[in-house]
Amino acid sequence: VKDAASWLITDRYFGALQEYLKIFTPYGVKLYLSINFAAPMELGGMDSADPCDPAVAKWWADKAQEVWANLPGLGGFLVKADSEGRPGPFTYGRNQADGANMLADAVAPCGGHIVWRCFVYNCQQDWRNTKIDRARAGYDYFMPLDGTFRDNVTLQIKNGPMDFQVREPVSPLIGGLQHTHIAVEFQIAQEYTGQ
Numbered sequence: 001v002k003d004a005a006s007w008l009i010t011d012r013y014f015g016a017l018q019e020y021l022k023i024f025t026p027y028g029v030k031l032y033l034s035i036n037f038a039a040p041m042e043l044g045g046m047d048s049a050d051p052c053d054p055a056v057a058k059w060w061a062d063k064a065q066e067v068w069a070n071l072p073g074l075g076g077f078l079v080k081a082d083s084e085g086r087p088g089p090f091t092y093g094r095n096q097a098d099g100a101n102m103l104a105d106a107v108a109p110c111g112g113h114i115v116w117r118c119f120v121y122n123c124q125q126d127w128r129n130t131k132i133d134r135a136r137a138g139y140d141y142f143m144p145l146d147g148t149f150r151d152n153v154t155l156q157i158k159n160g161p162m163d164f165q166v167r168e169p170v171s172p173l174i175g176g177l178q179h180t181h182i183a184v185e186f187q188i189a190q191e192y193t194g195q
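Position 34 of the sequence shown, counted from 1, bears residue number 34 in full-length UniProt numbering, the numbering being contiguous throughout.
Please keep in mind that the hints were generated in silico from the structure rather than gathered at the bench.
Check before you lean on any hint, since a few could be wrong.
[As the list claims (entries may be wrong)] Pair by pair, the computed Cβ-Cβ distance ranges are:
#1 GLY147 / ALA4: 34 to 40 Å
#2 PHE14 / GLU185: 38 to 44 Å
#3 TRP7 / GLU185: 20 to 26 Å
#4 VAL184 / ALA55: 33 to 39 Å
#5 PHE24 / GLY85: 17 to 23 Å
#6 ILE23 / GLN65: 38 to 44 Å
Even glycine gets a Cβ: it sits at the ideal position worked out from N, Cα and C.
Input sequences plus hints: build the corresponding full structure.
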C-alpha cells in the first residue's frame, strides 16, 4: 500500500468506506483495510515508523480510535510490510512480531484485528547468490516467532513458499506454526499461467 491507498485510513475515504460497511455488514462480512506501515511518516509527518518507538505506537493508537469512530464494525487492518521495497519492522532492525503486535495493541481497544502477510523477502537480492533461498525466507523469518504474536493477530500465508507459482509445494509455515493464528492466501486469478 502506497500513494493514494495510504489515505484509506483518513477522512478522505471514510464516506465511501461507510457505504461498503452498509453493504457487507448485514451479511456478516467484516471489512478490513490494507494499510501502509509507513503511514506515521507519510501521513503523520513523523521521522520514523519504528514499531518500538512509543510515539509511533501512540500515532497508531490515535489513528485506530479515529478510524473506528468513523467506521464502527470494521474488522481491522491488513498489513504487507518489508516486501517489494516497502518499509516494515526490518527497516528499523525489528522483527515481524514487533510490527504486528504494536498494531494489534493499537486496534485492540476498538475490537480490531491485524492480518499480517507473510510475504516477506529481500526483493533486491542477487539471484546469482546461491546461499540466498527466497523460498525459505518466510519460514526463516516467522518460525522463530511462533507463539509471540498477540491473540488479535493472524498471519496470512501464501499457499506456496514463493509467489503463486504454477507448481510449488505447500508453504511449510502452514503446518509449521503451531502457536500462532494463521490464514492461507490463495490466488484466484491466473497471473502466472498467461491468462
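We went through each hint and held it up to the structure:
In this structure the supplied range 34 to 40 Å holds for GLY147 paired with ALA4, their Cβ-Cβ distance being about 37 Å. Roughly 27 Å separates the CB atoms of PHE14 and GLU185, a value that falls outside the hinted 38 to 44 Å. The hinted range of 20 to 26 Å is satisfied by TRP7 and GLU185, whose Cβ atoms lie roughly 25 Å apart. Evaluation of the 33 to 39 Å hint for VAL184 and ALA55 yields a pass: the beta carbon distance comes to about 35 Å.
At about 32 Å, the beta-carbon gap between PHE24 and GLY85 misses the expected band of 17 to 23 Å. At roughly 24 Å, the beta-carbon separation of ILE23 and GLN65 lies outside the given 38 to 44 Å, and the hint is violated.
Checked against the numbered hints given earlier, the structure breaks hints 2, 5 and 6 and satisfies all the rest.
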